Amino acid sequence: MDLDLPPAHASFRDGVRELAQAVALPLAAEVDRDHRFPQEAVGAAAEAGLLGVLIPRQYGGLGLDALAFALCIDELARACASTSVIVDVHTSVGSEPILLFGTDEQKRRWLPRLASGELLGAFALTEPASGSDAASLKTSARRNGDGYVLSGTKVFITNIGHAGLYIVFARTGPDERAAGVSAFLVPADTPGVRIGQVFKKMGLNGSPTGELVLEDVVVPAANRLAAEGQGFTVAMRALDSGRIGISGQALGIAQAAVDEATNLMKGRPREQGDDFTLADMATRLESARLLAYNAAWLCATGRPFTRQASMAKLHSTDTAMQVALDAIQLAGEEGTISGSPFERHVRDAKALQIYEGSNQVQRIVIAREMVQ
Amino acid sequence: MNFDLSQEQVAIRDTIRELVQDRVAPRAAEIDEKAEYPKDIERLFADNGILGIPFPEEYGGISGSSVTICMGIEEIAKACATSSLILAVQALGSYPILVAGTEEQKKRLCPPLASGAKVAAYALSETGSGSDAAAMKTKAKRYGNEYVINGTKQFITGGSIAGTLVVFAQTDPEANHKGISAFVLERETSPWQAPKLEHKLGIRGSPTAQLVFDDVKVPAANRLGEEGAGFKLALAVLDRSRPGIGAQALGIAEGAFDYALAYARDRQQFGQPISSFQGIQFMFADMATQIEAARHLVYLAATKVDAKAPDLTKVASMAKLFASDMAMKVTTDCVQILGGYGYISDYPVERMMRDAKITQIYEGTNQIQRVVIARSLLK
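Listed in order, the protein sequences are those of chains A and B. Those letters in the first sequence? Residues 1 to 372, by this note's numbering. Those letters in the second sequence? Residues 373 to 751, by this note's numbering.
Just so you know, the hints here were simulated from the structure itself, not pulled from any lab data. Note that the structure is a prediction, hence the values are computed from the model and not measured. In this text, a Cβ means the ideal position worked out from N, Cα and C, and glycines have one as well. Where hints are given, some of them may not hold.
Unchecked claim - Heads up, simulated DSS-like pairs for lysine-lysine below, C-alpha to C-alpha not over 30 Å straight-line:
no., chain 1, residue 1, chain 2, residue 2
1, B, Lys511, B, Lys550
2, B, Lys604, B, Lys509
3, B, Lys513, B, Lys572
4, B, Lys478, A, Lys350
5, B, Lys572, A, Lys266
6, B, Lys751, A, Lys266
7, B, Lys751, B, Lys680
8, B, Lys680, B, Lys478
9, A, Lys266, A, Lys201
10, A, Lys266, B, Lys680
11, A, Lys266, B, Lys604
12, A, Lys201, A, Lys138
13, B, Lys509, B, Lys406
14, B, Lys513, B, Lys550
Claimed, not checked - If you want the footprint, here are the derived chain A segments under chain B, 3+ residues with CB under 8 Å:
no., segment
15, 4-14
16, 276-282
17, 293-301
18, 306-316
Using the sequences and the hints, build the whole thing.
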């Protein structure tokens, strides 16, 4: 047993930290206030190869593992949560399915452009009437000659409008549930692809979220990812490792909140009640960090990790929310003023308990094998 | 990075697991009810090398690794928290010797402990000196080649049955915590009195003794470290033993969880097992997640003991704090899942809930753990 990070991972993390603190942190308050895409930070991440963390070197990526991915997202989130979710969604659910399920041809065609950041990836599963119950999605993919025609509306799509490639899940039928779902690679410039409403949100304001409208979008069969009817499997596998990324985001936000609270407390008279709050925050964060590293390590070593990833996502995001609330309490009124990192962390953390499987869905996943 | 136990550790764990299933689990309810020290289980552990786990091979033991100690404590505590204390206190009472003893002292004092011929105990607390350990009144006065100890120690786990006792006493009362020294007392040559055993909420088979030292003579050769170095040693020992309390809490929680899960899958209400209700499933999901989180913290702390890591103090406190609070919550929820059956002594979860409580209190209350953690964050 050795629970220290491997030296190569620690040094990779330090590199990401340096970049994130230098480029993403100074933007965090501004992109939140102005609801603008943190292009400078995403661009710097791309230049450093961070948009291809999981993509093998032969396709232009860094060829690193799930643990490195978690560390990367953690460090970005510690500086700027919006930047972290953009990179996270791109890297995991927006690119990894091609790596895991794509043909050689699909990998050669798409992965180098995703790894370099020329294309930003996105994942289009959720629909207005199909959230936690993803298997009930209605977007249709009608076979038409050598291709498919996609119609429907996807919602809550991260990287909307900035993505160059959407992985879209649609019904090829005839099964009305999971077995009728297929996955498609849909370039953003395909005729019929339209950006619907882009939402104003509570937090993660630098990361655009909105509707993807598909109006008779013709997609060649070469862009179908995995076999017909395999789409739901693709989505669930993507979300398994996606949860490692969300855990990384949660750790980063929580660490930032702990760090800021610690700095604040160092500059004022000690109160034992506050000390105890800080001790609880740090302890919980440490436990969440280990759950996330464990899930990432299992994934990286090729072992089953679904349950651990759900536990990591559940515990780390609940921890981020609690720690952010505790931190703003320690900061007092000053922490509630717009522009303060304390209030931003609270708003940013909330999304993490909801997306990529609400924490209620995580509990279902965790309980499922146990109660059978 | 590697979260797995070594093959050797897995083999030790499997041996313990089997012994615990066959010999300890069937005794747990009775040990609790009668509040009797399970000497038979002490002998079982001695005969099977389990009491040798805290010691490296050169001192007659089989390991000395904190990860292995925690693994053993966890495994035993799943069935019987009282029995897990036999190993935990063997480790606690031996750490001072292993940490501060000279080679001669280790070679002389450890082998009878490693073989299980004797059990150890650790006497720090007093009536007026609990969390404030430096306020102790017990005195040790030097006369030639020996010290004479006078005073009373309170809440000493296993103090009445130990053959080897580490006692902390003031050798220079004026110097406060810098006047505290540590001594190893062997029962045959330095007998102490145990006039009173406490009646307790949990860990009822583990004797918690008041110890009285009335002109007890101890050879100067049994002083650990320099005069005045005792307080630092006491804290260094707690850094090493706290992961073990975390492991005990972890084991208690797992024992309750496993029992409640099997019960919920079996118990029919409204025509279906109660495990099919989402309200119950969510309780299990939360408990499993908290147990897993605590497990990683406990073993992180244990690896830091073995690696002598600089941040050991903080992480050991985190492990003890988180795991014991978790165990209290999980055992309480398990009682809830069993409902009325959970509350009665025919089922083990109420015992586990009572046993869990002490893990939030001893070896530094959880309030003290928070003081330790905050101090290291804010220094």
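Status of each hint after checking the structure:
{"no.": "1", "hint": "B/Lys511 <-> B/Lys550", "result": "holds, 13 Å"}
{"no.": "2", "hint": "B/Lys604 <-> B/Lys509", "result": "holds, 17 Å"}
{"no.": "3", "hint": "B/Lys513 <-> B/Lys572", "result": "violated, 34 Å"}
{"no.": "4", "hint": "B/Lys478 <-> A/Lys350", "result": "violated, 55 Å"}
{"no.": "5", "hint": "B/Lys572 <-> A/Lys266", "result": "violated, 41 Å"}
{"no.": "6", "hint": "B/Lys751 <-> A/Lys266", "result": "holds, 8 Å"}
{"no.": "7", "hint": "B/Lys751 <-> B/Lys680", "result": "holds, 20 Å"}
{"no.": "8", "hint": "B/Lys680 <-> B/Lys478", "result": "holds, 19 Å"}
{"no.": "9", "hint": "A/Lys266 <-> A/Lys201", "result": "violated, 33 Å"}
{"no.": "10", "hint": "A/Lys266 <-> B/Lys680", "result": "holds, 28 Å"}
{"no.": "11", "hint": "A/Lys266 <-> B/Lys604", "result": "holds, 26 Å"}
{"no.": "12", "hint": "A/Lys201 <-> A/Lys138", "result": "holds, 25 Å"}
{"no.": "13", "hint": "B/Lys509 <-> B/Lys406", "result": "violated, 34 Å"}
{"no.": "14", "hint": "B/Lys513 <-> B/Lys550", "result": "holds, 15 Å"}
{"no.": "15", "hint": "4-14", "result": "holds (count 4)"}
{"no.": "16", "hint": "276-282", "result": "holds (count 5)"}
{"no.": "17", "hint": "293-301", "result": "holds (count 4)"}
{"no.": "18", "hint": "306-316", "result": "holds (count 4)"}
Violation of the numbered hints given earlier is confined to hints 3, 4, 5, 9 and 13; the remaining hints are satisfied by the structure.
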